[in-house]
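Enquirer: In mature numbering (1 follows the signal peptide of the UniProt record, and there is no 0), the protein residues as written are -25 to -1, 1 to 473.
Think of the hints as simulated: they come from the structure by calculation, not from any bench.
What you are looking at is a predicted structure, and each value in this text was computed from that prediction instead of being measured.
DSS-like cross-link-like pairs, simulated, lysine-lysine; straight-line CA separation at most 30 Å:
# : residue 1 : residue 2
1 : K285      : K302
2 : K218      : K79
3 : K114      : K302
4 : K285      : K132
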Amino acid sequence: MALVPGHRSQAMVLLLLTLVAGGSAFLPGLPRDWAPPLFNVSLDSPPEDRWGPLVQRFDTGVLRHSIDRIIGSVVPKWAQVLIRPLADLEVELLLREPYAGELKGLAKSIGVSVGDALLINLCYEASAFCTSIIAQDCKGRIYHGRNLDFSFQDILKNMTVDVHFVKSGKVAYTGTTFVGYIGIWTGQKPYQFTISGDRRDADEWWKNAIAALWKRSTPVSWLIRDTLSEAEDFQAAVLHLAKTPIITDVYYIVGGVAPKEGVVITRDRTGPADIWPLDPLQGGWFRVETNYDHWTTPPPSDDRRTAAIKAMNATGQENINLDTLYKAIYTWRPTQAAPDVVAKQRTSIRMIWSCVVLLGFWRKDMGDIESSLLEMYAKNKWGLCKKPILGHWDELVVLYKETICNDDRPPRASEKTHRGNSLKDASYVSVRTSVPPRVHKEESTKSTGRRLSLVSIPSHEQYDHSHNSDECCLTRPVQNSDKESCMSDKVKRLAPFP
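Take the sequences, apply the hints, and build the full model.
Expert: Below, the structure written as structure tokens:
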């Protein structure tokens, strides 16, 4: 690994570490200096054709098997049956270009459905446990290191690639990703800036489904690609990453080519929750970000932060370089030391599929009030479905607890204001305090004119979800796991949308 020379007599380093659990230092058979293969993706080609040449260098049969295994491990079977048609519709109608075209072309090259291509990309979006470090040495040079801790390391170590995204014969930007994944979690724009993304554990995965399917927000890894493509310098990159709506909370770590150009951006879906820049004059010559807000204390079972901070302090600013940064970033292995974290991750991933499948019973043109009710449902794990009447979708039935609309309810975490830090330009620093609108019984929506019926029901945990071919079963509480009782009250799934 070598320094990338930058203008203004500085240097920018992006430590493109292996995107597998624990890093290459912990994988048998991979040497310390192992690097993934490098490919070119032409941005001048039509989106459908961009990834084909790369895919041809791999065994598509192995790729399909790997994709099936990952999807099968995190997505329930009944959800797979229902979500694939919905995912196909999502790509065709809701995803913006060039990503919709890239996803369709990638699916064709690998030989999987567009639904599976979208599923595997969402799996990666939801699965990143990471550690990023941005640091400045005594000469003002910026170092940016990261690892990316995914499950399925036995699969992903053979699917990890470095990609030069080429435009007009020049490298526009570079990223490290997986075959089948069109997003980037780790990237650099030559001589300008570097970006890494870390999953923010505070978010709940139902927000992903709502934002992705109905709000037309950007997946977090796509925003990294957009920023690498469009931003001209470090400050422009920080502004773009901080302000653009995204599908889920995340941490963006950005490094530049001049002293002090390093920052951790804590993101809500709608904007920045916190800006945490380097401050070397006050002792802040490095910043460590794992998957927890830096102003909070990480859980003891997943305290990678403390280990990394101790390693960086022991190294010292005068001794920081590629090798010492590499050692600091791999001082702790979360995927082996914290099985409860992995279990929590898998539970969260399964939550999104439950919500997305239920979204298939909703109209595409639902209004703000309906969307708010859907968010209430997901956050509180209460059930909802769209009930067909004589083959038509004319009546919307929302099931939720009426206490949700009580003004005396305690404030949610997302409504509490916490401190924020800013750079010189504080115009993009804000604190999210959005509150869903209060909804009364039988309130009509302006967008559709339909009437909402609000009914109090038991908690989501008392419900049973099962499937039979093209049918979705959403029932009243099931006693003694009575599957026949469940199927007798099934809801026929006619189509995702009318």
